[in-house]
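Asks: Top to bottom, those sequences are chains W and B.
Be aware that the first sequence starts at 0, since it is given in numbering that gives the first Met the number 0, and climbs by one per residue.
Be aware that the second sequence starts at 0, since it is given in numbering that gives the first Met the number 0, and climbs by one per residue.
Hints should not be assumed to be uniformly reliable.
Said to hold, decoys possible - A partial selection of chain W residues facing chain B, derived with a Cβ cut-off under 7 Å:
1) GLU72
2) TRP79
3) VAL93
4) CYS134
5) PRO135
6) LYS152
7) GLY156
8) ALA163
9) GLY167
10) LEU233
Simulated from the structure, these hints should not be mistaken for lab results.
We put the beta carbon where it would ideally sit given N, CA and C, even for glycine.
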Amino acid sequence: MNGRRTFLRGFLSFLLTGGAIGGILRISPSKAHAKETPPKGQKWYGFGVSVDKCIGCARCMEACKTENNVPREPFFYRTWVERYITRKNGGTTVKAIEPNQEPAPEAASDKSILRSFFVPKLCNQCANPPCVQVCPVGATFRTDDGVVLVNEKTCIGCRYCIQACPYGARYLHPVTRTADKCTFCYHRISKGLLPACVEVCPTQTRIFGDLNAAASPMSRFLRMNKIHVLKPALNTEPKVYYASLDGEVR
Amino acid sequence: MNPELLHTLKELLPQIQGYIYPNEIEIHWGLLIVVYPYITGIVAGAFILASLVKVFNVKEVQPLYRLSLLTALAYLLVAPVALVAHLGHPERFYEILLTPNTSSAMAMFGFVYAWYLMAVLLLEIWFVHRTDLIEWAEHETGAMRFIHRALALFSRDTGERAVAFDHKALKVITIVGIPSAFLLHGYVGFIFGSIKANPWWSSVLIPIVFLFSAIVSGVALVILLYMVITPLTGGKINMRCVDKAIDFLFYAVIVDFSLELVDFIHRVYQSEEEILILSEMVMSKLFASLLIIQVLLGMLLPLALISVTKIFKKRFHLSEDLRKMVYFISVILIQFGIFATRWNVVIGGQMFSKSFRGLTTYKVEFGGIEGLLFAILLLALPIVILAVLMKILPPWKEMREEGAAETVEVAGS
Numbered sequence: 000m001n002g003r004r005t006f007l008r009g010f011l012s013f014l015l016t017g018g019a020i021g022g023i024l025r026i027s028p029s030k031a032h033a034k035e036t037p038p039k040g041q042k043w044y045g046f047g048v049s050v051d052k053c054i055g056c057a058r059c060m061e062a063c064k065t066e067n068n069v070p071r072e073p074f075f076y077r078t079w080v081e082r083y084i085t086r087k088n089g090g091t092t093v094k095a096i097e098p099n100q101e102p103a104p105e106a107a108s109d110k111s112i113l114r115s116f117f118v119p120k121l122c123n124q125c126a127n128p129p130c131v132q133v134c135p136v137g138a139t140f141r142t143d144d145g146v147v148l149v150n151e152k153t154c155i156g157c158r159y160c161i162q163a164c165p166y167g168a169r170y171l172h173p174v175t176r177t178a179d180k181c182t183f184c185y186h187r188i189s190k191g192l193l194p195a196c197v198e199v200c201p202t203q204t205r206i207f208g209d210l211n212a213a214a215s216p217m218s219r220f221l222r223m224n225k226i227h228v229l230k231p232a233l234n235t236e237p238k239v240y241y242a243s244l245d246g247e248v249r
Numbered sequence: 000m001n002p003e004l005l006h007t008l009k010e011l012l013p014q015i016q017g018y019i020y021p022n023e024i025e026i027h028w029g030l031l032i033v034v035y036p037y038i039t040g041i042v043a044g045a046f047i048l049a050s051l052v053k054v055f056n057v058k059e060v061q062p063l064y065r066l067s068l069l070t071a072l073a074y075l076l077v078a079p080v081a082l083v084a085h086l087g088h089p090e091r092f093y094e095i096l097l098t099p100n101t102s103s104a105m106a107m108f109g110f111v112y113a114w115y116l117m118a119v120l121l122l123e124i125w126f127v128h129r130t131d132l133i134e135w136a137e138h139e140t141g142a143m144r145f146i147h148r149a150l151a152l153f154s155r156d157t158g159e160r161a162v163a164f165d166h167k168a169l170k171v172i173t174i175v176g177i178p179s180a181f182l183l184h185g186y187v188g189f190i191f192g193s194i195k196a197n198p199w200w201s202s203v204l205i206p207i208v209f210l211f212s213a214i215v216s217g218v219a220l221v222i223l224l225y226m227v228i229t230p231l232t233g234g235k236i237n238m239r240c241v242d243k244a245i246d247f248l249f250y251a252v253i254v255d256f257s258l259e260l261v262d263f264i265h266r267v268y269q270s271e272e273e274i275l276i277l278s279e280m281v282m283s284k285l286f287a288s289l290l291i292i293q294v295l296l297g298m299l300l301p302l303a304l305i306s307v308t309k310i311f312k313k314r315f316h317l318s319e320d321l322r323k324m325v326y327f328i329s330v331i332l333i334q335f336g337i338f339a340t341r342w343n344v345v346i347g348g349q350m351f352s353k354s355f356r357g358l359t360t361y362k363v364e365f366g367g368i369e370g371l372l373f374a375i376l377l378l379a380l381p382i383v384i385l386a387v388l389m390k391i392l393p394p395w396k397e398m399r400e401e402g403a404a405e406t407v408e409v410a411g412s
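Work out the full structure, taking the sequences as your base and the hints as a guide.
Replies: What follows is the structure, encoded as structure tokens:
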């Protein structure tokens, strides 16, 4: 009787402490399971943006909406392009450009403009993605090749991931009622094609490729440019790399 | 496609100030998510009030004990309705219980909720009422007799040992219950506080602020209910009890206010990159709900009112009716204040762009799932549930009890 009681007591405390320790290990360093380095030979996709090359033609936005059935209304974007105008008096104004909009003022003729440039934005496919961390049902996940995807069959539409994304890259798809975002055109890249926005970019502002490949436009881009990522202080480890990024860009 | 949503968003377009990311126009967590922390806050607060009696032996508030337990239960039952209703796919909510992602704060909701409902609240209510249920059933007939028998789980033992066990169990449950109530609402705070992308939410203080505002709202609501229900059902308000409960409320409001003040000073002093857009938001979009309703009407005014009665109660023998009225006004103001607090956290956190360059706006619809009407229904539903609960588990005897308080007074003096 006594032996059984001791055994039960020991077994129960073993279960409790084991559960607690296991739970903490699983929860606390979210990186532990989100950020392991990919196995050798595994693709690890990244994206490059040459800020100086972008002319703000919005073809990438158009191509993305067509390729991925993104609603046409101006509230849902997997990728967009921002126009920055810094004036000589120091103020910076930002606007998201729209397809078929009227051309912006010429910096050359407007003498009050100090500098002006375009910045394409898209999901940063973070190596340490906050959206994956917070998804309550695991509908948002990171693939082995480093792309963050949403399973629209299990997403419950709680929008926690939209809140957790520091880059505003996610939206709730009004038809499926699930979270949606850039997938690097996963259906295309898994066939060896380029993402639609990269394909149509007339100035090769957008570069896509395997970060592990020794020789690729992507690795060349990383080798030839000074690189910055968006909001590095948040430790999300973005895999969209910007060349010649201005400090005004957030 | 939802044409109403598109219509609303189109209306919002011209109201955007500065630059926001194009996906940020829609406020994703609307009125329902304001209602949710408001309701769980009341649950936690009401339970803390109940535990004052059981754990800290504050005998004066005994008349509020059962009322606060039933209030906690009534509100707890409604809390998940708000959450499930706001989902894009409410029919998939069970996924959160079957395949929870352990790194997600939100995934823990089901477990924290179940623990609190099953292991704390229902158990405590059962042990409190067990002997009463048996006794009631003996003098009843028909359906009510069966209901009470069934609720007592057909136990019949009212012997000394059984009652002693009930008391012991209650003590343990309440002691476990206090950290659980803290967990329930601190956890709701953590859902917001752990979002590093959002500087309005991301703060270690948020769970603690949530906790104290929860205590404030729960205690205030139980006092309000007591002050309304008792005269309506022909009883007399026990002022010793209300005075004591108001005392606790007063201190809780002071702590809550200090915490929020610390948070505010900290933000302004640190003055990080988001400070400009946040102060712009507070001075424009949140001016009425934060500065006027939450701080001025919801905290400072009740604090002033209660302080005046506290100061002048002894010196000027303030009449009981006047005191009642001041308390009544204070607890109502506090309810509005706490609701505004929830609004400012939830809606405020989504009104500024994460580019820190602009503000969007939130327009509450009247109809629809995210609308005003549904929110009001959700806020009224717990009252209906409470009425039913009070029918089944009548707390009247205890609510009318004035003896306990007086004996303490005699013993004390």
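Asks: Close enough to count: is the Cβ of W/CYS134 nearer than 7 Å to one in chain B?
Replies: holds, 6 Å
Asks: Quick check on the hint: W/LEU233 CB to chain B CB, less than 7 Å?
Replies: holds, 6 Å
Asks: Once the shortest beta carbon distance from W/PRO135 to chain B is found, is it less than 7 Å?
Replies: holds, 4 Å
Asks: Return the status of the interface hint for W/GLU72: holds when the least beta-carbon distance to chain B is below 7 Å, violated otherwise.
Replies: Given a least distance of 6 Å, the restraint on W/GLU72 holds.
Asks: Are W/GLY167 and chain B close enough, Cβ to Cβ, to be under 7 Å, as the hint says?
Replies: Since chain B brings a Cβ to about 3 Å from W/GLY167, closer than 7 Å, the hint holds.
Asks: The hint names W/GLY156 as touching chain B; please verify it with the least Cβ-Cβ distance against 7 Å.
Replies: The hint holds - W/GLY156 has a Cβ within 7 Å of chain B, the shortest such distance being about 2 Å.
Asks: Holds or violated: W/VAL93 as interface residue toward chain B, Cβ cutoff 7 Å?
Replies: This interface hint holds because 4 Å falls under the 7 Å limit.
Asks: Let's test the interface hint: is any C-beta of chain B closer than 7 Å to that of W/LYS152?
Replies: Since the shortest Cβ distance to chain B is 9 Å, the answer is violated.
Asks: Does the interface hint hold: is W/TRP79 within less than 7 Å of chain B, judged Cβ to Cβ?
Replies: holds, 5 Å
Asks: Let's test the interface hint: is any C-beta of chain B closer than 7 Å to that of W/ALA163?
Replies: Holds, about 6 Å.
Consistency note: the structure conflicts with earlier hint 6 alone.
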